[in-house]
Structure formats: C-alpha cells, structure tokens
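Novice: Listed here are the chains, written in short residue letters.
2 protein chains.
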Amino acid sequence: MSKTMKQLHSTVTQDGKLQLTVATVDKPEPSDDEVLIRIEASPINPSDLGSFFGPADMSTATATGTSDNPMLVADVPEHLMPTAAARVDKPVPLGIEGAGIVESAGSSAAAQSLIGKTVALMGGAMYSEYRVAKADQCLVMPNGITPVEAASSFVNPLTALGMVETMRMEGHAALVHTAAASNLGQMLNKLCINEGIDIVNIVRHKHHVALLTSLGAGYVCDSTLATFNADLVEALMATNASLAFDAIGGGNLAGEILSAMEIAQARSGAAVGAYGSTIHKQVYIYGGLDRSPTQIGRAFGMAWGVGGWLMPTFMEKIGLEAAAKLRKKVAAEIKTTFASVYSNEISLIEALDLDSISAFGKKATGDKYLICPQK
Amino acid sequence: MSKTMKQLHSTVTQDGKLQLTVATVDKPEPSDDEVLIRIEASPINPSDLGSFFGPADMSTATATGTSDNPMLVADVPEHLMPTAAARVDKPVPLGIEGAGIVESAGSSAAAQSLIGKTVALMGGAMYSEYRVAKADQCLVMPNGITPVEAASSFVNPLTALGMVETMRMEGHAALVHTAAASNLGQMLNKLCINEGIDIVNIVRHKHHVALLTSLGAGYVCDSTLATFNADLVEALMATNASLAFDAIGGGNLAGEILSAMEIAQARSGAAVGAYGSTIHKQVYIYGGLDRSPTQIGRAFGMAWGVGGWLMPTFMEKIGLEAAAKLRKKVAAEIKTTFASVYSNEISLIEALDLDSISAFGKKATGDKYLICPQK
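Line order of the protein sequences matches chains A and B. First residue of the first sequence: 1, per the numbering used here; consecutive thereafter. First residue of the second sequence: 1001, per the numbering used here; consecutive thereafter.
Next comes chain A alone, as it looks inside the complex:
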C-alpha cells in the first residue's frame, strides 16, 4: 500500500504569489477512535474559494509545472498581502467537505463498525485522496448511497436547514432569499416546499425565474425588472416574510428588502407610529458575492437589523443534540431534498486546469464542480 497520497494545496508566498499545487504528502494512519476515509467526491463550494484563491488576482494566473505535476501561479496585489499574513509560506490544504468509503479503522468498536461504509465529513483538507477522521465526526449514509451523492452533505444542507431554524427561533413567518437560483437556493426551495414554508426568491436573471418556478417556487422576484420593488412588496404582503438571507452583501439590496418589508407591513395593517412599524425586520448577510459596502437607506423605522450569519456559528448556538438531529435529516434525505447536481466531475490535477479555475471562480452561476480525488 502506498505510504503517500495526493492533496491540493494553496500557498501564498513571501514574494507575493499564490501557488496552487497537487502536493504529495504522507498518507495518514487512523488512531484507535479514528477511521481512514478514501475520499471519492468533494464539492467546490463558494465558501471554499476564499482559502483556494486567497487575495490573489486570478486573472493573472498562469500554468507552470508538468501535466502530471501542474502548478498554477497568480499575483497577489501588494496592498492585499497583509490580509494573508497568517498563511504566508504555509501550504493550506483545501476542501471543506466531501465523502468517501471507510477503508480502514482504529481499534475502537465505533471506528471498526464504519469499515466499508459511505461517510460524509466536514473539516477541511478534503481535496485529498485520503483523510482520517474521528468516527463520531463521520455522517454515516444509508446503505446504497454513493460518495458522489453524499459529497455535499454539510455546507448547503445545513445552511438551508439553519436558515429555516433561524426563522422559527426568531419568530418570523416566512423567508426571503437572494441569489436564489444558486445550488443552495434550489435546495432551500425544496426544503421550504416540503415544510410548508413560504419563501420569496430574489434573482437577477429571467432564466433563474423560470428555473425556480419549474422547481415549484411560489414567489420569484427579478431584481433587474423595473417592477422589482412593487413585485417584492406584493410577495412580502402575501407571505408576511420579515426575515431575509442575503448572499450578496454589498450594495443597496439589503436596505431595499427592509424598505419593502416596512411598506408591506404598513399596507397589511401593522401599527405604524412615529418610528414606523414595530414589527422587527431582519436581513442576515451570509455571503459576499458583492464585496462593496452594504448601503442601508434606513427608510423603514427603527425595528430592523442587518448582520452576519454563519452556519457553523448557528449550529454551535443550537447545541450538539439539535445539530445532530439536523445532520440525520440530511443523511435521510440526501437523494431528495438535499440532492446536489454537479456540472463537472474533475480530478485533483484537472482542478488546476486554467479553464476550470476561471469557471468555478465565477460564483453563483448555479454551476457546481465536484473534485473526485481517486479519478
């Protein structure tokens, strides 16, 4: 058995370069309560791209190295080097989540019981041929589920579930979601339809309206239309939504959503005093597709909030037991509610192809790449 394995690394060097390589590293060995997973599928999520590219300007990327041992090099703008201070000259293994087959295990009964099973894992360094993990960190899939089917069991499913749980915990009746044609957005619609929750989808393309409508979405507003604000108010009045999750972050959208909520509340008969409606309106920003400042016009009284939202922080907040319940729901519905579709399945070496890099660097296209390290 080989004592080494391949693993995707991203390194920011002292001299202002980003290097992407397929490194050869020692194959790990499981200790008593650990298993060794042969990783077969690991998605490239938008949340992977921060570690992947760091602050590099990927338009400067060039391919060096050989076809067996490729390397991509890109420039890091000098003024952004301080933001990468913590990782300079330290190779960063990539890949937040993925799935594979347990190939061997430590001596504990829990670890031994997983041999041969398909398990999913979140924890980094998943763009690797192998990964050790504590047995109790593995999400064990039902029989018959393949690693490709289980690859995206955490980031999108738990984010969608976390959004719905947040809505319930904070007492809102329905949800708004932006960039809603994303993989996550499609999943969130399936989940909301299953659970009888109204969701107002905001998209930026006509064909995204068609896509979500074909999935059964009841409310889809196209922010590029002149009627957008009126459409949004109407959808908010119909659903009574006072909570939004925004993947975009920058620009006016968060403020526009809050304004539309205020108007919808007033038209729906909420008490409106000198400081506007007293029904709390909330936008959680969970992504940064637009890195520019969030601009909030504040034409909506005083009962409002905008803030960051992160799935792992939310899971920590609800506690181990509640989080475990959500993970079990994901495993049970991995082929239905939480199924992911991939536009490309690529090897570790193909992930460093210049065309791939520029394609999966385009966030929120709805395309999703899957890295298959055994390919």
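There could be a bad hint or two in this list.
Below, simulated EDC-like cross-link-like pairs (lysine to aspartate or glutamate); rule was C-alpha separation at most 20 Å, straight line [said to hold, decoys possible]: (1) K1317/B <-> E170/A; (2) K375/A <-> E103/A; (3) K134/A <-> D231/A; (4) K375/A <-> E345/A; (5) K1117/B <-> E1029/B; (6) K317/A <-> E1170/B.
Keep in mind that the hints were calculated from the coordinates and are not lab data.
Go by the hints and put chain B onto chain A.
Specialist: Quick look at chain B alone, frame taken from chain A:
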C-alpha cells in the same frame, strides 16, 4: 378658572405648508383615576423634532400672525408630502415629556394622593399649559424636586439606563457611544462611572473631548483626528467593548466601529478563523443625525450586527416591573445622575421665535431648550 388653555401645534396642510401655532384648546378635566397636571417644564429633545418640523424645509420658515398669537409657516418639499400623509390637516400637539404640579384630581384615592406633588410624565402633548394623565402613569418626584428639575425624567434617563441594561442582557463588557457630548452622552457617562462600566466616547470636536474628560470620562476618541482609528482600537482593547450605540446613523462610522472592534479582538487574542473573530460585535443605531445611508464595509468577519434601537421598544421588551424599577431609579437620582442642564427656558410663544427654532433645530449641539408653558 379658565376653561381653555394654550397648546403648541404643528400642522402639515394639504397645500404643502407646515404651520406652527400656539392653539387655544379646551382645558381637560380629570376622570376618577386621573389627575390634572399644571405643566411647568417640558424639554425639546432631538426626538421631538420629527413631529415638530415634519418633513418641512425649515430654512423657508417665515413668521406670520401677531406677537401674542404667532404663527410660523414653512414649505414642505412636494416629494416629501407622501411621508406626511397620515397627518395632513390634522394639528399635532407636541412635546414627548415634561413635569408639573398636580392641580386637581379625580375621585380615586390614588389620584387624590397626588394633589400638590411634582410629577413627571411621558406621553405627548406636553407643550401645553395643562395635561390630564392616569395617576399610575405619573412619575412622582421626591419632596423638594421642582418641575424644572423633573422635566427630563424619561427620554434621556431611560435611554441611558436602557443602553446599560442592553449591554448586560446581551453579554457585552463595555459600551461605545457616538455623538457622545450630547446631553444623553453626558448622562450616560455619569451613569457608567457610578456603575463601574467602561464607556468609549466618540466625539467630533476637541472641546467635546475636554467636556467629557472634565466629567470623568476615561475614554474619549475624536473622530476628526488622523489617529482616530488607532485611538479607537486602543480604547476598545482597554475596555473590551463589543457593543456601540450610534446617534449618527449615516455614513461610515458604524462600520468603522465594527472594524476597530474586530482588530481589537484579534489583537487581544480572540480566536480568528477564516471568517474572522467569532465574538459578536453589535452597533445599535438609535438616532439619525446623519440621514444619509449607513455604509458598512464588512471588513470584520461574520459575527456582527447593525440595527435600530428604540428606548420604548426596549422598555416593552423588559416588561412592566423591570421598567418601573428603572423609572424609580430616575426619580431617586434626578438631581444627580439624571440631572439635565438647559441653555434656554422659553415660553410657548417664544418657542415659535425664528431664532429659537433655528437653534433647537440644530441637533446634538449639546444645547437643550426647555419650554415653560406657564411662563
């Protein structure tokens, strides 16, 4: 005894004018559980100005009427008329809070027991010679307190107390306050010093630094200095403040405070992952000295929030008993912690003087006007 009384009114007319008048209205009579207060002092708070001026452009104000019966008229810009729809042609009585002497009372024992006492009241229409109120809504002052001393017993004192309670309830160690040389800001410093709470004051003038320092404030940062960001980070590291109350609202300040908090947390050894420090940072906007959009640069991870904060909403949230406890504290400390100083004491008629209007329209100068309806 006169059957009528004087009362300050603000009216937006159908034809796009704002009219300010001293109206003559019926003097009210108390029912069984009510008292009749002869109002002797009522402050002009920044929160009064919204009702006072509506959406009018006060630079267009002209004086009409007579010296005994003055009227001020100003133009309301046409595009702002919809924001005043609810008040068109309806005279709005002004004055959120004030104090006076109970002159007569209804038959109930509770009402009768207040005759002759100095009481403070919050509830609108306080720029009047008289006001009826339920006996149980009156905040009864200790013996020897004058109506002038009791005039500002609600808005600023309960806002300062609400900020400190919010800090405690949401688990923060210390506070940041902007426009901190205001009457409220000075009061908040006195309260924090009494309670051993660190507060970081942000001001925009050198003489405000001197003013707050003379009151014993430990941390005052002047946002007009080139060293402001560094000064703020240092103060945040010293105090561990992760909550700010912002009276300004517009512009970059809220985002700058969050950035400085993030830097302070990282330098103080907080765990900083891919999404920044996980310690929640919060800015509550409670005023709108700058009406321009709030611009948030989001260079501070994902554990952050910005939102509206209103004292009455907070008091409702903590419940009657807790709110009553805070009001009792105000009455007990009205000559010390919660004492207010006024730059001018004016009559109802003098309140419609063009010079007065333009002076108390300048918010956050630290000046505070007191209307004395019996003058």
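Novice: Now look at each hint and say whether the structure bears it out.
Specialist: Cross-check of the supplied hints:
1. K1317/B <-> E170/A: Given that 20 Å is the threshold and the Cα spacing comes to 14 Å, the pair holds.
2. K375/A <-> E103/A: holds, 17 Å
3. K134/A <-> D231/A: Violated. K134/A to D231/A sits at ~49 Å, over the 20 Å cutoff.
4. K375/A <-> E345/A: holds, 9 Å
5. K1117/B <-> E1029/B: holds, 18 Å
6. K317/A <-> E1170/B: Holds - the C-alpha atoms of E1170/B and K317/A are around 14 Å apart, at most 20 Å.
Checked against the numbered hints listed earlier, the structure breaks hint 3 alone; every other hint is satisfied.
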